[in-house]
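J.: Chains A and B, in that order, give the protein sequences. All residue numbers for the first sequence refer to the numbering used here, where the first residue is 1 and numbers rise by one. All residue numbers for the second sequence refer to the numbering used here, where the first residue is 1001 and numbers rise by one.
Hints should not be assumed to be uniformly reliable.
[To be verified] Below, computed lysine to aspartate or glutamate pairings styled on EDC-like, alpha-carbon distance capped at 16 Å:
hint, chain 1, residue 1, chain 2, residue 2
1, A, LYS16, A, GLU78
2, B, LYS1189, A, ASP183
3, B, LYS1105, A, ASP173
4, B, LYS1224, A, ASP173
5, B, LYS1054, A, GLU119
6, A, LYS4, A, GLU78
7, A, LYS75, A, ASP108
8, B, LYS1105, A, GLU3
9, A, LYS75, A, GLU21
10, A, LYS104, A, GLU119
11, B, LYS1190, A, GLU182
Just so you know, the hints here were simulated from the structure itself, not pulled from any lab data.
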Amino acid sequence: MQEKENVIEMLEKAVKAIKQEDVIAIKDLSNRTLHTSAIYQDPDNINVAVVLYALSKILERTRYHEMEGWAKFIKTYEDSLGNALIALKRNDIDAYRSQINRIKEAVDKLSGKLKGYIEGVFRKAQINKASRIYEHGISREVAAKILGISLWELNDYVGRTGIADVDLAYTLDIKKRIKNAEDIFR
Amino acid sequence: MTKYLIFDSGCIINLAEHCMMSVFRDLNKVFQGEFLITDEVKYEIIDHPLKIKKFQWGAIRIQALLDEEIIKLAEDEEIATSKEISQKATEVMNLANNALFIEGKPVHLIERGEAEAMALSLILSEKKIENAVVIDERTARMLCENPENLEEIMESKLESKIEVKKENLKIFEGIKVLRSTEMIYMAYKKGLIDSDKRKLEAMLYALKFGGCSVSEKEVQIMRKL
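Please work from the sequences and hints to get the whole structure.
T.: Dropping the structure here:
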């Protein structure tokens, strides 16, 4: 695991934010782990980013909170994050990963509409994180691969962001590029 | 001598997802050469999505392009062997993924599909065969055209100093890059889509919002040209 101290810090703050029901802080934390995710492309860092982002979205959508299975699911989610933090502080990486996996297993155990909704939130969290990694300068194919998503999903999402409009992305005069196109089509 | 346009995954996915396959077929008819993909790109646009319900239909439509020989596998064209492309792609990946460093650690920038497309372009150029790569994504394009800007983006986003091994980037200089938007612009210029500029603009925006790394400003310039 790369940057363990960073993950510990994120989880400590996340556990505190959960207690305070501070959804914005949780989302912000998930974005902060992105820097490490982009540099090291380490699955443990990336999983934390996804899990925290998904949690912020799930907590935001209060209509989920009335659904069958919610109470048990969210308790498992929050307990697992707390236990993951304890495991990591003990330097027990296997136990840490097992706790993060428990969250994914909890999603699998859901049923009915809530299951579909939560699965959707997780999928979108993965796409969002891949898009953010791409935004940091890593190629789309790398970003899709490390998040375990398809390029088809990522393309569509990226197109709806402002990434293409960043001035630094303008690398060749458009008239020159069109000239290149005309030359090869001549 | 035959010319070649080499397609990365993103561009073909984008055209397929926005119902522009007929324009793509028409462009192929007027092109004095061949449209090529590599094995890895085929995996990304056909073999892999065929196994995912959500993308199966898109993959089937792209498979039809291959069946009709609108796009061809580079390996079948006898311009480069699989081994040749694979070896060059490995070289491209090694160079690209050891070009930018943060805190002494190399940043993994590109993957196999992008690397194979660029590798094929380099092989063809070495053989003095005219070619261009069609890439919709930003990172690979910036590596070829302006790696300094990529370095700047990474430094500002990661808030860290980036060290660059410039000699590793030399190989990418001279790779000609087009995007799906230039393909559609050429279709417009060649009269393959009607002369209504609103239609051109709408198609360019569809590609932009579908993931082509083209700016609003560039779309507007293309519309006015």
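J.: If a hint holds in the structure, say so; if it does not, say that too.
T.: Each hint tested on the structure:
no., hint, verdict
1, A:LYS16 - A:GLU78, "holds (11 Å)"
2, B:LYS1189 - A:ASP183, "holds (13 Å)"
3, B:LYS1105 - A:ASP173, "violated (33 Å)"
4, B:LYS1224 - A:ASP173, "holds (15 Å)"
5, B:LYS1054 - A:GLU119, "holds (15 Å)"
6, A:LYS4 - A:GLU78, "violated (20 Å)"
7, A:LYS75 - A:ASP108, "holds (15 Å)"
8, B:LYS1105 - A:GLU3, "holds (13 Å)"
9, A:LYS75 - A:GLU21, "holds (13 Å)"
10, A:LYS104 - A:GLU119, "holds (9 Å)"
11, B:LYS1190 - A:GLU182, "holds (10 Å)"
The structure is inconsistent with the numbered hints 3 and 6, although it conforms to all the rest.
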